[in-house]
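*Asks:* Given the coordinates of chain A, work out where chain U should sit on it, guided by the hints.
From first to last, the protein sequence lines stand for chains A and U.
Residue numbering for the first sequence follows our numbering, beginning at 33 and increasing consecutively.
Residue numbering for the second sequence follows our numbering, beginning at 247 and increasing consecutively.
Hint data in this document are derived by calculation from the structure and do not stem from the laboratory.
Model, not experiment: these values are computed from the prediction.
One-sided excerpt, in silico: chain A residues whose CB lies under 8 Å from chain U:
no., residue
1, Ile55
2, Thr59
3, Ile174
4, Phe177
5, Val184
6, Gly281
7, Val288
8, Ile304
9, Ile322
10, Tyr326
Covered stretches of chain U, as calculated for chain A (at least 3 residues, CB under 8 Å):
no., region
11, 466-472
12, 492-503
Cβ coordinates follow ideal geometry from the N, Cα and C atoms, glycine included.
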Amino acid sequence: MAPYILNRVLSIFFVLIAVSFIIFFATHILPGSAASLILGEHATKESLRTLEHEMGLDKPFYVQYLNWVKGIVSGHWGDSLVMKQPVVSIIKLRVKNSAFLAVFSLATLVLIGIPLGTLAALRQKGKLGLAIMTGSYIGISIPEFVTGILLVLLFAGPWTHLLPTGGYREFSQGISAWLKHLILPSATLTLILLAHVVRQTRSGVIEVLKSNYVRTARLKGANESRVILRHTLRNGLLPTITVLAMDLGYLMGSIVIVEEVFAYPGMGRLIIYAITNRDIPLLEMAVLIIAAIYTVSNFIADMLYMYLDPRIRYR
Amino acid sequence: MSERKFPPSVTKSHYLFIQNPALVIGSSILAFIILVSLVGPVISRHATTEQHILKRLQGPSLTYLFGTDQYGRDLLSRTLLGGRTSLILGLGAVALGLVLGIPIGLITGYFKGRTDEIVMRFMDILLSFPSLLMALLIITALGASLSHAILAIGIANCPGIARIVRSATLSVRNEEFVFAAEARGESHFYIMASEIFPNILPPTIIEGTIRIGFAMLIGASLSFLGLGVQPPHADWGLMIRDSREYLFLSPWPLICPGIALAVTIIGFNLFGDGLRDMVGGSE
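Chain U with its partners taken away, still in its complex shape:
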C-alpha cells in the first residue's frame, strides 16, 4: 500500500539502495567519517598542539583514548583533525579535476573534429603517466604544500575526467533536443551549458565520486614522502611518516591514522562503486 505513493522510478531506486550493500556500507562509513572529523576536533579534550613530553608514545588509556605521539600529543585529536585535511584534499582535488575536465570534455565532445583529436591525444599522453609521478613533477615545479598538493592531484585527475565527460557528451550530442536547440539558433555556449551539461551530470558525478578515494590516497602518499602537507599540520600521511621512527617503541602513532585513512578510502570506494552500480542498474 505505502509503496504506491512513490512514482515507479523512486520506488525502484529506493529498492536498489537497500539491495546494494556497497552503497549502504559506503555511505554509512562516509557519514560517520565526515561527522566525526567535523565535530570531533571541536569537542575533543586535548588541543592538537598540546605537548606533554613526559607522556610521549603512550598506549591507549582513559586520558588518551588512542595514546600519544612522539611529542606527547593526543593521537585521537590529531587523527580527528587529520580527517579534515584528508577530506579537504580529496574533495578539493576532485573538484579541481572536475572544473578543469568538464569544460575540456564538453568542448571536445561537442565540436569534435581536429580540436578534439589534438586535445584528446594530449590527454592520452597525460594519462600514460602514473598519477603519482605526475603529481610529483608538479610538486617539484611548485614546492610542497597542501594547496599545491590539491593543485597537483587535481591536474593529474583532469585527463581521466575529461575522457568520461567527452564520451558522455558524444552520446548526448545526437539527441533531438540538441538539434532542436540548434534549430532555434541557440548559441554553442547555451547548448553546452543548458542542454548537454544537465544530461551528462550523472556519469560525471559518479566518476568524480570514484576518484575521491584515489585522490586522498595520492595526497596521503605525497605527505608521507614529505612532499605534501607540511608539519606541524595534522595530516594522516604526515602522522604515518613521523610514526616510522618510533615504530618499535609504540605502534599506535601508525595504527590510528593508518586505520582512519584505510577506512575512509574504503568508504569512498564502496560509495562510488555502489553509486555506479545503482545508476547502471536502474537505466
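One chain only, chain A, in its complex shape:
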C-alpha cells in the first residue's frame, strides 16, 4: 500500500508540473505581450522594449517558464495587471468564497442524491423510480446557465422576491444574508450533478440488494429499515464516494459558469475576469490553483475509498 501512495503523490507533482507548463504555454503565445498591455496602445517601441527587458519577456521561453515556476514555489506570485493587487491576496479571498459554494453544493448533493438514489433502487420498477431517474436525466442535460437563470426568474424575480438575484455577503455581515446568497448558486450546481450521484447510488444499492448477506439478513428476520441502513447502504455507497470525487472535478468547471450567472465573487468568475481583461499573472495562478485542488481532491478520494473498502488492493 505504501508504494502505491508514494506513487500517487509523485504523480500529483508530475501532473502539476505538466499542467503548469500547459498553462504557461497557452498564456504566452498570446498576441500582444504583457508589456504592451501595461503601457497601453500608444507606447513607443523603445519603452516597450525596456519594460519587456525588465519583466524578462525578451528571454528564451524556457528561461521565462523556469523563472515563473521559481516565483510560484518561493511564494512570489506577482501582482495582478488590472487590479494592481498582489495575486496571492486576491486568490486567497476567492478560494475561500468558492470553497463555501463547493462545500455547500456537495453537502446538498449528498443529502438529496443518496436518499433519492436509494429510493430509486427500492422502487426500481415502480413509477417513483422512473420519475427520479427521468428527473435527474433532465437535470444533467440542462446547461448550468439555463437552470441558474430559470431559478433566478422563479425565486428572485419580481413575482416572488424570495432570494437575491446574485452577489455575495460576507459571513460576518449576518448568517441569513450569507446563506441566502449561497442557495441559488448551490442549487444550480446540485441539479447538474444530481444525476451522477443518483445513478451510482441506485446501481450500487441494487447490486448489494442481490447479495447473499442481504438475503441472510432478511432471512434472519431483520426489519427492512435495518437491512437497508446497516447492510445495504454501507457497502452500496462505496462507489458513490468515487463519483462524488469526480463531481468535485465537474464542479471546478461548473463554478466558472454558475459564478458568472450569479455574479458570485469566487475563483470561476476570477478566471473569466482575468481572460476578458488579459490579466495573465492572475489567470495563470487561478487556473493552476484550480488544477491543484482538482488533482489533490482526486487523490484524497482514492485514499478515502481505499480506507473504507479494505478489500481493494492496489499495486
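*Replies:* Relative to the frame of chain A, chain U by itself:
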C-alpha cells in the same frame, strides 16, 4: 413469416431498436431538431436580423410565434438559426476530436511500448483538467470565435477519444487476421488502416455520438461567457447571455433558446446511450 426474410442478426438489432426507448426517443428528437434547423431558417417569415424596435420584448403572438428579443427580432427565426450554429459546433468539435484522437489511439495501441506509455501519460494529464477550463485556456491563447471554439472543444475531446480507440485497438491487436497481415508482410500503415480501423469503428462511433451533446454544452457555455460565438451571430448560448439583462421584462428570450438547447442535448445523450446499449446488448 415476414421475420424470416431477415438474417438473424438484423432481426435482433431491429427488435432491440424497438425495445430501446432511449434510442427511439433520442433519434426522433434528433431527426426533428436537424430537420427544423435545416429547413426552418429558409421558410421562416422574418429575417433573423430584421429589427422592429417598437415591438421589442414581446410575448408569443400570431406574428411572432415565440415573441421577440431586445431589438424586436423574431425569436423563432433566431432560435432556428441558432440550431445550425449549435449543430455545427457539436458535430465539428467531435469530428476534430476524432480526427486527432483516432490516429493517436491507433498508433499507441498498435505499437505499445515506450511511445504508448509517454503519449498516454500526457493524455491522462490533459484528462485531469476540466474540459471547460481546457477550452477556456485555448480560447485565451487564440481569441474568441466560432472556429476557435470548435478547435478548443475538439482538442479538449481528443484525449478521451484517444483512450477509447487505444483500448479497442489493444483488443483487436491480438486477433488472428492482424497476425496474418503481418505474416503477409503488409506495412504498419496498411494493417492499422485496413485491418484494425474497420474493427474499432463501432465503439469509436458510439464514443463520438455520446460526446456530441457534451461538446454542444461546452460550446454554448463558451458563448454564454462571451468567449465563443460572437454577436450578431444567432447562437443559443449567446441568446441566453443577452436575455439576462431583460429577464424580468420578458422571459421568452431565455426560454426559447434554453428549451431548444436542453432538448437537443437530451436528444444526443439519449441517442448515444441508446446506441451503446444496443451494441453492448447485441454482442
